[in-house]
Amino acid sequence: MGFFSKLFGGKRQEEAKEVEPVEYKGFLVYQEALSEGGQYRVAGKITKQIADELKTHRFIRSDVLGNEADANELMLKKAQMFIDQMGDNMF
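If you're matching positions, the sequence shown starts at 13 in my numbering and goes up one per residue.
What the hints contain is simulated information worked out from the structure, not anything from laboratory work.
Please note that a few of the clues may not be correct.
Keeping only pairs whose Cα atoms sit at most 25 Å apart, straight-line, the calculated PhoX-like set for lysine-lysine is [unchecked claim]:
#  : residue 1 : residue 2
1  : 37        : 67
2  : 57        : 37
3  : 89        : 67
4  : 37        : 60
5  : 67        : 90
6  : 57        : 90
7  : 29        : 90
8  : 67        : 29
9  : 57        : 29
10 : 67        : 57
11 : 89        : 57
12 : 60        : 29
Cβ pair distances, simulated, as ranges [claimed, not checked]:
#  : residue 1 : residue 2 : range
13 : 34        : 72        : 16 to 26 Å
14 : 32        : 69        : 12 to 22 Å
15 : 49        : 100       : 27 to 37 Å
16 : 51        : 31        : 14 to 24 Å
17 : 99        : 49        : 32 to 42 Å
18 : 79        : 101       : 28 to 38 Å
19 : 30        : 69        : 19 to 29 Å
20 : 98        : 50        : 24 to 34 Å
21 : 63        : 35        : 11 to 21 Å
22 : 62        : 82        : 24 to 34 Å
23 : 73        : 37        : 12 to 22 Å
24 : 35        : 81        : 12 to 22 Å
25 : 49        : 96        : 24 to 34 Å
Beta carbons: idealized from backbone N, C-alpha and C, even for Gly.
Using the sequences and the hints given, assemble the complete structure.
What follows is the structure, encoded as structure tokens:
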């Protein structure tokens, strides 16, 4: 099946990027914009160590921007606002 995918333009798997988290009020925010049709969708995850468990909240927004840096910057702002509003209750 791999041969036919290559022959007929199947999706190539993108290499996973190493994302450096941003710390905000004890939470770690990972900016992970998704490439989509030449634009970038605002996406990422928020993590926090609670007791002995790493809690994770993933989200993908409907916002789409022209470049990855702008999408990641907006993701950080949205994540900070979400943390301010929800705190540990997001998990």
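Here's how the hints hold up against the structure:
1. 37 to 67: 15 Å, holds
2. 57 to 37: 15 Å, holds
3. 89 to 67: Distance ~20 Å between residue 89 and residue 67 Cα, so the pair holds.
4. 37 to 60: Roughly 10 Å separates the two Cα atoms, so the pair holds.
5. 67 to 90: 19 Å, holds
6. 57 to 90: Holds. Residue 57 to residue 90 sits at ~11 Å (cutoff 25 Å).
7. 29 to 90: 21 Å, holds
8. 67 to 29: 21 Å, holds
9. 57 to 29: 14 Å, holds
10. 67 to 57: 10 Å, holds
11. 89 to 57: Holds, because 13 Å separates the two Cα atoms, which is no more than 25 Å.
12. 60 to 29: Holds, at roughly 21 Å.
13. 34 to 72: 16 to 26 Å: The hint (16 to 26 Å, Cβ to Cβ) holds, given that residue 34 and residue 72 are roughly 18 Å apart.
14. 32 to 69: 12 to 22 Å: 18 Å, holds
15. 49 to 100: 27 to 37 Å: 36 Å, holds
16. 51 to 31: 14 to 24 Å: 19 Å, holds
17. 99 to 49: 32 to 42 Å: Roughly 35 Å apart at Cβ, these two residues keep to the hinted range, so it holds.
18. 79 to 101: 28 to 38 Å: 33 Å, holds
19. 30 to 69: 19 to 29 Å: 20 Å, holds
20. 98 to 50: 24 to 34 Å: 33 Å, holds
21. 63 to 35: 11 to 21 Å: 19 Å, holds
22. 62 to 82: 24 to 34 Å: The hint (24 to 34 Å, Cβ to Cβ) holds, given that residue 62 and residue 82 are roughly 31 Å apart.
23. 73 to 37: 12 to 22 Å: 20 Å, holds
24. 35 to 81: 12 to 22 Å: 20 Å, holds
25. 49 to 96: 24 to 34 Å: 32 Å, holds
In summary, this structure violates none of the numbered hints.
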